[in-house]
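Student: Following the hints, position chain B against chain A.
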Amino acid sequence: MKFSLARQALILAAFSLLPGVGQAIYFRDKISWRSPIPPSEMVSIDQAREWGDSAIWIDARPDDEFARDHVPGAISLNEDRWNELLPEFLAAWSPGKKVVVYCSAQSCDLAREVAERLRKEAQLPDVFVLEGGWEAWQKKNK
Amino acid sequence: MKTHILTLTLSFIFCLTARAELKWEQTAVELHPAHGDKQAIGHFKYQNVGKTPVHFKSVHASCGCTAAQSQKDQVGPGEKGEITATFNIGERTGTQIKTVTVETDEAANQKTVLTLKAIIPQELEISPTFVFWKQGEKADPKSITVHAGKDFSVKHIKVSSSSPDFQTKVEETGEGQFKVNVQPNETGRLIASTLTIQAENSPKTFYATARITTAPTAPVAPVAPGQKAPAAPTAPARPPAPTSQTH
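Residue numbers (the numbering used here), protein chains in the order written: chain A, 1 to 142; chain B, 1 to 247.
Next comes chain B alone, as it looks inside the complex:
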């Protein structure tokens, strides 16, 4: 019995030492891009601790927003290198987790998943970013909550509506917390507005949308051949974010 346990233990230890030749310094990276950064770059360093060369078969990112690159196709014994994962932030918010799958020709552990976690700072958090009234509904005000993101101090905010059909009013409800009341003048017409929200003394612009929508239960009038159904209005186009800003 003792011999069996010894054999098992030795085979277990042997299995552990004989695993992947490519040794990764880390397979998970957490990044904290600065406010306004366009990209977040993760470096995954490795070393070939085996006795034979390792070839990369593929390096594949989980999302089109992430580009993964290997410095070389072959890693000789003892050689070091890194996989670079470049995550394009775009107009993403909050915590983003992207993965890069690396396939090699190693005898064991041919597939390694590298994880890149980017925590994108958010100056203002807005909820909801969309308020709507059904056509014909009472034109009561609806509220949007705005509060300063973690590590940001916001004393005042500015809110403006792209359409005079909607009125906005800002109330301070606490430190760095605001309530934006939005009210349409009427709900008889299908109208829309882009609400622009900015923290005082900050160039960064946030957006919300207010609109009057078609009522779901209303029967849809059949459209006669050759005629077009009336289209719902689109809120005025939001300007693309300037290069120094991202949303």
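Chain A extracted, bound-state conformation:
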């Protein structure tokens, strides 16, 4: 009896895997398999605060959201006006400084993309994405 139940459970489990496997094979070229940001490239609010003046805060959100409110001292750097804003950020940067990039929430992509461009194109070290973004910052500062 026990053996039969286990076998049925196994068959059921195998069946439940089929749609997923089928979809993965069928859409293998169409779905973006975006990997999560590695933990080494993220920083918590508490850790970033501890860095004090040795950190530069970057707001990757669109201009209107930055104008509404932002982390005190943060510099606006978004991809809508990248060429115009990048020199302003670079003027504030110096070797040894850590860069903390944030966007609206954990789920937004803007911070990750700005951080990636700073690492790849400008080849800056120590660029981190803020965990939870602006939403988390606001919660902590209520």
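If you are wondering where the hints come from, they were derived from the structure by calculation, not from laboratory data.
Each residue gets a CB set at the ideal place from its N, CA and C atoms; glycine is no exception.
The calculated lysine-lysine pairs, modelled on BS3-like cross-linking and capped at a C-alpha distance of 27 Å, are:
| # | chain 1 | residue 1 | chain 2 | residue 2 |
| --- | --- | --- | --- | --- |
| 1 | B | K111 | B | K23 |
| 2 | A | K120 | B | K138 |
| 3 | A | K120 | B | K169 |
| 4 | B | K134 | A | K98 |
| 5 | B | K142 | A | K97 |
| 6 | B | K134 | A | K97 |
| 7 | B | K111 | B | K45 |
| 8 | B | K57 | B | K45 |
| 9 | B | K179 | B | K150 |
| 10 | B | K111 | B | K57 |
| 11 | B | K142 | A | K98 |
| 12 | A | K120 | B | K204 |
| 13 | B | K111 | B | K72 |
| 14 | B | K38 | B | K117 |
| 15 | B | K38 | B | K150 |
| 16 | B | K117 | B | K150 |
| 17 | A | K139 | A | K97 |
| 18 | B | K138 | B | K179 |
| 19 | B | K38 | A | K120 |
| 20 | B | K155 | A | K120 |
| 21 | B | K158 | A | K120 |
| 22 | A | K120 | B | K150 |
| 23 | A | K97 | A | K140 |
| 24 | A | K120 | B | K142 |
| 25 | B | K138 | A | K97 |
| 26 | A | K120 | B | K134 |
| 27 | B | K117 | A | K120 |
| 28 | B | K138 | A | K98 |
| 29 | B | K179 | A | K120 |
| 30 | B | K204 | B | K179 |
| 31 | B | K134 | B | K179 |
Here are a few chain B residues that face chain A, going by a calculated C-beta distance under 10 Å:
| # | residue |
| --- | --- |
| 32 | S62 |
| 33 | G90 |
| 34 | E91 |
| 35 | I126 |
| 36 | F132 |
| 37 | T194 |
| 38 | R211 |
Tutor: Here is chain B on its own, set in the frame of chain A:
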């Protein structure tokens, strides 16, 4: 035992046929905007293959740069429609992946994630876009590599510095590949320059920045009350891209 397997198989098939009433033609779209395009628009078509109307609860884009719109709030049985996702390219480069999350009141599969992938053509690829010298460091030249992007043919490039404090020299290192040597006249002062890079016969402008930065290990002199710390110079402002060009 045979009955059990038959029951399982039938319930599996039933589950498959009873899933989402809204059937999407595709949930992932790949776009190839032309050089200079401002927007890339993806169309995600659907049909209600169920027997009851489906209501959209929300259509939400992952990024402020993408606007997602549904043609209607309710889709009757058999009706077709589409969600339009408009991605503003701005000054983005390379492959961009944006998602739109659609929530409906369907009994199953209430949330569908639509993926829009835009591959933005890049005439020139520049690496790095920033070169710097620490204050007091030897004023040796540093190089920037420039090469023609995929599907572009570039024979010559023009490079100019916004400041006479930096000299630039272009070397051709291969077909469509160049090395730009940048050298400051001195590194004693905090100076900066915007380097303008253009492919010959192309109106599109690319930028890089060269600057002398403060040395990280140098102790910071305390600023007396009422005095301001000396500010690092900003590279001269880059002109906003003309309407026909994006970077």
